[in-house]
Structure formats: structure tokens, C-alpha cells
Amino acid sequence: MIDQTLTNLWYGFSVAFEPHNLMWSFVGVLVGNMVGVLPGLGPLSAIAILLPLTFVMHPVPAMLMLAGIFYGAIYGGAIGAILLNLPCHPAHAVTCLDGYPMTKAGKGGTALGIAMLASFFAASFGIVVMIFFSPLLVKVAFMFGPSDIFSIMLMGLLAGSTMSGGSPLKGIAMTLVGILCGVAGTDVNTGTTRFTLGFPELADGISLVAISMGLFAVSDFLLNVNKATFVGSGAKVRFREMRPSKAELKQAFWPMLRGTLVGTAFGALPGTGPTITTFISYALERKLSKTPERFGHGALEGVVAPEASAHSKTQVDFIPTLCLGIPGDAVMALIMGALIIQGIAPGPQLITEHADIFWGLVASFWIGNALLVLLNIPLIGVWVKLLQVPYRYLFPSALFFIAVGAFSTQNALYQVIETLAFGIVGAGLISLRFPITPILLGFVLGPMVETHFRRALQFSHGDMGVFIHRPISATFIAISALLILLQIVAGLRRALRRKALQ
Amino acid sequence: MGFLKCNRDYCGGILMILVGLGAALGGLRYKIGTLAGMGPGFFPTAVGVLLALVGVGIALTAAPSGRDDSKRLPSEWRGWACIVGGMVAFVVLGVYGGLVPATFSLVFMSALGDKRNTIRQAFWLAAAMVVIAVVVFWWGLQLQLPLLTWSGS
Chain C
1 MIDQTLTNLW YGFSVAFEPH NLMWSFVGVL VGNMVGVLPG LGPLSAIAIL
51 LPLTFVMHPV PAMLMLAGIF YGAIYGGAIG AILLNLPCHP AHAVTCLDGY
101 PMTKAGKGGT ALGIAMLASF FAASFGIVVM IFFSPLLVKV AFMFGPSDIF
151 SIMLMGLLAG STMSGGSPLK GIAMTLVGIL CGVAGTDVNT GTTRFTLGFP
201 ELADGISLVA ISMGLFAVSD FLLNVNKATF VGSGAKVRFR EMRPSKAELK
251 QAFWPMLRGT LVGTAFGALP GTGPTITTFI SYALERKLSK TPERFGHGAL
301 EGVVAPEASA HSKTQVDFIP TLCLGIPGDA VMALIMGALI IQGIAPGPQL
351 ITEHADIFWG LVASFWIGNA LLVLLNIPLI GVWVKLLQVP YRYLFPSALF
401 FIAVGAFSTQ NALYQVIETL AFGIVGAGLI SLRFPITPIL LGFVLGPMVE
451 THFRRALQFS HGDMGVFIHR PISATFIAIS ALLILLQIVA GLRRALRRKA
501 LQ
Chain F
1 MGFLKCNRDY CGGILMILVG LGAALGGLRY KIGTLAGMGP GFFPTAVGVL
51 LALVGVGIAL TAAPSGRDDS KRLPSEWRGW ACIVGGMVAF VVLGVYGGLV
101 PATFSLVFMS ALGDKRNTIR QAFWLAAAMV VIAVVVFWWG LQLQLPLLTW
151 SGS
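Sequence order for the protein chains is C and F.
Here our numbering is used: position 41 in the first sequence is 41, and no number is missing along the way.
Here our numbering is used: position 126 in the second sequence is 126, and no number is missing along the way.
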């Protein structure tokens, strides 16, 4: 078994080291690193904007690039959070709490250096978990029937919408809206076109590019125009300062390990977002610390643990996405959507049928993470300078790339209008304080949820009991019920507290 | 203040009820079928009903109005109009003018949406993007859009 794995890994490295693949992987991590630092542009918008480009690429380099953007952005996010107190990606909000005080105390370099080491360690751990866990999961996954897959997806969607922060009911509502967006187009079972609102263009369904660029880029610009005033205080960091001392390494070791494990556990659960992961690992460190009062004033543990958890989660997230076809969060949903557009269905058969993609990705994670550590050292100064590129130049140029990208997917200008429409809808929903990332999760999973739901009931001749008679399915239904129950209890407690306050 | 001002949770809930009901009614137009043999209308109707129910939940549990209105976003009509207008201009000029005027008008208009951009800055930014559009996208990536055209082809 180990033999087989090592052979596969070796094969993966040979795929990832092909010059063409290596180049795109490099482009991915570079772009990701950059957007991670830049406020107002997250990995979601970057992947959405580059998505049209991947349509003309071979699937392997396309995946390597998109994945590179994802984990590259997490490295970049740490830089913005620690040096500038800018949580460009909500997952890094907790890193700001202790990272920025460290910078103010002149220890920003150390914080970054240790965060990077911890990130690399956590990512490597996540990759190892992925290597050994995925084949096992695949063996189990082959036994899943449609009802089991439906229940797992249900749990993933519920977890994704209730645990990503904000009001859980609003999250669920957005997931349902996303599912409805996924319904539009031709029904695969009967060939009926549904919800096209009289537009023949919608017969193929809403395009992933339009919905993701509209929701995550255009709506962002609509909300931030004339409001975004980002000032970069150029904290200079030299390489010498980034080398942590032995005492600091010792201090950081256990938090790093605990953060990694928290991230791994959350990564394996489909649906839980990165933000909750980093918050929990931060809270855990504070609880375990003998001196909790240092937290918030530059505690090294408060930087290391959340960063480590974000990275191991990012890597482990790929397991349910690739092996089950159930993405953990919106970024994963987007990457999975890109795979499907390439004509590759994620699921248990992916590892054997598309070994080049799976093992190539695994190997490229390692190469990409190593590249990022090396890149970050000379590039931090460049990124900090880049923060001073005014938003007023950035967004008109980005709009042009969006328009051209939307047009190029089908050589049709109505795609630009579709993108704009989702931009306006997204901006409206955000200003009504709806979280919009669950829309994407619902949109990508919706058609599969419907197919498996229909198939499961077809096999059982309409007996709804099929979802609770099979043990795997019943387990996940029980977890879903528990999730709902927890939310109700939490909601009631909030309401009681509000009453007590009045 | 008070209840006359739209409470955002409340409005959001109502909106979800409307969208859910709309989807459910829309789904009813297609064949529903039975549980064992679902028609194309079954799933959207079910999801629509569920959404409407969640909308009721959101509206009922809405936080008391006025508590968080301090964080209300000020309206930004100039920025919004310029971004939306720029993208519409891209589509219209893409059909009747070609890539060059479409790109120029999109970048120029949306840049003017930011109050701090002067006309001169917007012009140069738009001109720079036109160069990128022509060199990278039209020449390099062979974008299927004519550079300049007079007819609506």
C-alpha cells in the first residue's frame, strides 16, 4: 500500500515538474499571493476572473493554477494581516489580533517568519493526510448509493450555510437561492428547459463564470466605489528579522501542531469555512495558555495556530472535493466547477481515471508551498508597495478583464450582461446583510443534489425512508438534524439574552 | 427612524418569501410527477417552498429595527451608474462598434465613477487598457471580437 502510494506520488511529481505545468502552478501561486495581500480582491474574485482563461487550457495546468491561487492567497493574507492589520480574507481576521501588535512592537518580521514556517509545516501535514486518506475514502465512497450522497451533500450544504458566520437562516436562504440558480436551464432527466424567463440563452443554464464574477467581483466594486480608502503603512521587513530565535521556535511548536490538527479536522468536514477554523484554533490556544492575558497584545501563539490551521484545512479541503465531489466552501466549489467544465467529474473515480490530475495536484501543492516560502521573502516589500496602487485605477481595469473574460467563455456578449446582473443582485443581497458565498455552493451542488435525490427515490419507489434506512445516509441525516438543533438552541439563547437586556 | 425605515432583516425575509413563492409557482408550471417518478417541476417547487419558509423565519426573527442602522451604507449613485453604464456600454459598443470603443468606454466610464479620478486620468487609464485589449486579447489570444466595425454583425 505504501509502495503504491510512493509510486503514485513519484508519478505526481513527474507531472508537476513538467515545465508547462510548473509554469502555470508558479503563475497561480504568484497571482494568489498578490491578491491575498491586496485588499478588496480575494482568492474568490481572482479565481473567478481567471476562470475563462482555464477553458482553453489543458485540465492539469488549469487545476494547478487555480489551486495555486487558493493557497497562495492564504500566504498573502497573512502578510496583510500581520504587517498592515488588514484582514483581506476573513479567515485572517484573528491573525490581525496578535500579528499587528507584534508588528507595532517591532517583531513583525519574526511573526511573519514563524507564520510561514508553521504554514509550510501545516500544509505538508495536510498533503500527507490527503495522500493517505484519499485512497481509503475512495474505497468507502464506491459503496455510496444516491441516498448516501444526497445526505452527505445535505450536511455539507447545511454546515456551509450555518457555520460560515452571520445569521444561519440567511445562510440557508442563500444556499437555496443558489440551488434555484442551478435549476435554471435544461433538466438533464427530461430535457425540459426550466426557468429560462423567456431567454433562449439560458437554456444551457446560468454560467459559472458569470455568477462567480458577478457575485464576487462586480458586486464588490459596486459596494466599494468611492469608499475604499486603504492606506498602507510601509513596515519594512528584512530577511534577517524573519529568522526566529530558538526560544521562539520552541514557543511556537505546540501551537503549530495543535493548529494543524484543528485545521485537518475541519478540512475533513465538508461545509465548514476557513473562518470558523481559524477562530476555533485561536480560542483553543487562548484557553490552553497559562498567560491568556497576553493574547491580543502580540502573543506568538495567537499568530501561529490560526495560520497553521488555515493551511492544513486548505489542503485537506481538497479531499472531499476531489474524492466525493462535495466541495467544502465557495472556493472549492469554484475549483470543482472548473473541473466539471473541463469535462471531468470529481468523485471516487477521479483518482484512478485522472491520476495525472490528482497526483499532479498533490505534488504541485508541495512545490507550490515551497515556492511560496521562497517567494515571500524577497517579495514582501513588493507586495507592500502594491498595496499603494490606488483602488480607483484597480477596479476599472479589473472590470475590463471581467467583461472580456465573460465574453470569451462563449463568444457572446450576453454573458457580460449576465455577469452585471449577478453583480447588482449580489450587491443588493450584501447590503441586506446576506452572506453570498453559500449561493455559489448551492449553485454548484444544486444539480447534483437534485439528481441524487431523484435517483434515490426512484430506486426506493418513492419511499422517503430510504434516507434513514441505510446506515451511512442515516448518520449524515442525524448530523444534519443535530446541526439544525444546535442552531435553534443558539438562536433561542440569543433571543432570551436579548429579552433579559431589555 | 422606527419601523417606517426598512429593517434590513425584515426586508430580506420578505424578499426571500417572494423569491421562494415565485420559484414554487414557476415550478408548478412544469410536470410535478410522483415521488417515485419526479417530473422537472418537483425539485424547484420544493426548494421554492423551503425558501419561502426560511424567509418567514428570517422576517420573524429580525433584530429590532434601528439597532444597526448606524452601519447603513450611504448611497453612491455616481459610482453605481458609472459601473453599470460602463458595462452596458461595453455590450452595446461591442455589437455596434467593436473591441476598441467598447473597451475604451467601459474603462473610461467606470473610472469616472470614482470621484478622485480626473477626466485626464480616466482617459489615460482607458487608453492603456485599449492597448492591452488589442495586444494581449485581440492579437495574442485571438479574441473573437472585431477591433472596429460599423455594422451590428
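Some hints here could point you the wrong way.
Pairwise CB distance ranges, derived in the manner of DEER restraints [what the hints assert, rightly or not]:
(1) F:29 x C:132: 34 to 40 Å
(2) F:146 x C:6: 31 to 37 Å
(3) C:188 x F:128: 28 to 34 Å
(4) C:106 x F:119: 27 to 33 Å
(5) C:196 x F:77: 43 to 49 Å
(6) F:119 x C:246: 28 to 34 Å
Short, incomplete list of chain F residues facing chain C, as computed with Cβ under 8 Å [stated by the list, open to error]:
(7) 40
(8) 115
(9) 120
Rather than coming from a laboratory, the hints here were simulated on the basis of the structure.
All figures in this text were calculated on a predicted structure; none of them were measured in a lab.
Yeah, the Cβ is synthetic: ideal placement off N, Cα and C, and Gly gets one too.
(message) Of the numbered hints stated earlier in the document, which are not met by this structure?
(response) 1, 2, 3, 4, 5, 6, 9
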